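Engineer: Using the sequences and the hints given, assemble the complete structure.
According to the UniProt record's numbering, the sequence shown holds residues 1 to 276 in order.
In case anyone wonders, no lab produced these hints; they're calculated from the structure.
Any given hint might turn out to be false.
[To be verified] Across the chosen pairs, the derived CB separations fall in these ranges:
#1 Ile17 - Ala248: 34 to 40 Å
#2 Ser138 - Ala248: 21 to 27 Å
#3 Ala122 - Ile17: 35 to 41 Å
#4 Val113 - Ile17: 30 to 36 Å
#5 Asp187 - Arg214: 19 to 25 Å
#6 Ala11 - Thr253: 23 to 29 Å
#7 Thr197 - Thr251: 23 to 29 Å
All figures in this text were calculated on a predicted structure; none of them were measured in a lab.
Don't be surprised by glycine CBs; every beta carbon is placed ideally from N, CA and C.
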Amino acid sequence: MSDQHASAELALGTTGIAKRGVDAAESRAANRVWWDADADDYHAEHGDFLGEADFVWCPEGVREEEVGYLGDVRGRRVLEVGCGSAPCARWLKRRGADAVAFDISAGMLRHAVAAAGRTGTAVPLVQASADQLPFADSSFDAACSAFGAVPFVADVGEVFREVSRVLRPGAPWVFSVTHPIRWIFPDDPGPNGLTVTQSYFDRTPYVEVDGTGRATYVEHHRTTGDYVRALVGAGLELLDVVEPEWPAGHTRTWGQWSPLRGRLFPGTAIFRTRKS
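Structural biologist: Laid out in structure tokens, this is it:
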């Protein structure tokens, strides 16, 4: 638990952390209510950095406009997975894509609707979980996720199988997540966040609970190897794993991301894949 999420924790009655497993249904329920409760504070803190029609891959500030991981999106149907307020999908639409965005949280989608009104750029929005996609087989030319959904679903293999199912052959699937190595350190941007406190190989999820033991927040850890095996098992070809370096002059602290930690070890992993 942390001060930056105090409002959500208070609203949900979060009282502590539990060291236990969490199945798919509990993960969905916890993260639906968490992101509903935290949506306003999240956008108050990070909205300016993310923009309303911009595609930022990670706290290090990597932008799709500069790296082009999805290629030319004009005329292509692109799915944003775990879209939050959907700034990436709006950026894609402004570049000619037929963009569709989904998120598990109604609170996040409420911000997406408001941002569409302010920007004049609207995309279809769907409320769904990443392991239960309500889309037809082979219906998208690309899929992307900038820190959305992937770490919050119990079975990452099911997420990748679902994404693979809705993609056409050769379509890219690119997603960014917290770098797996960060799991071994405390969630602290300062000097206390430089000392290893837990095993990289411990896949027990991070679970916050209320007074009854109900999960109010869940995040799942996977090793780099876990991600690779799950991707290959879903019929996806791994093209690259990008580990962005902390850029010179970038002073922003975002949760556990900070210049101090960023100079020493990676905070983000961007997996570039395509459907076989």
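Engineer: Give a verdict on every hint.
Structural biologist: Here's how the hints hold up against the structure:
{"no.": "1", "hint": "Ile17 - Ala248: 34 to 40 Å", "in the structure": "36 Å, holds"}
{"no.": "2", "hint": "Ser138 - Ala248: 21 to 27 Å", "in the structure": "43 Å, violated"}
{"no.": "3", "hint": "Ala122 - Ile17: 35 to 41 Å", "in the structure": "39 Å, holds"}
{"no.": "4", "hint": "Val113 - Ile17: 30 to 36 Å", "in the structure": "33 Å, holds"}
{"no.": "5", "hint": "Asp187 - Arg214: 19 to 25 Å", "in the structure": "22 Å, holds"}
{"no.": "6", "hint": "Ala11 - Thr253: 23 to 29 Å", "in the structure": "24 Å, holds"}
{"no.": "7", "hint": "Thr197 - Thr251: 23 to 29 Å", "in the structure": "26 Å, holds"}
Comparing the model with each numbered hint stated earlier shows that hint 2 is the single one that does not hold.
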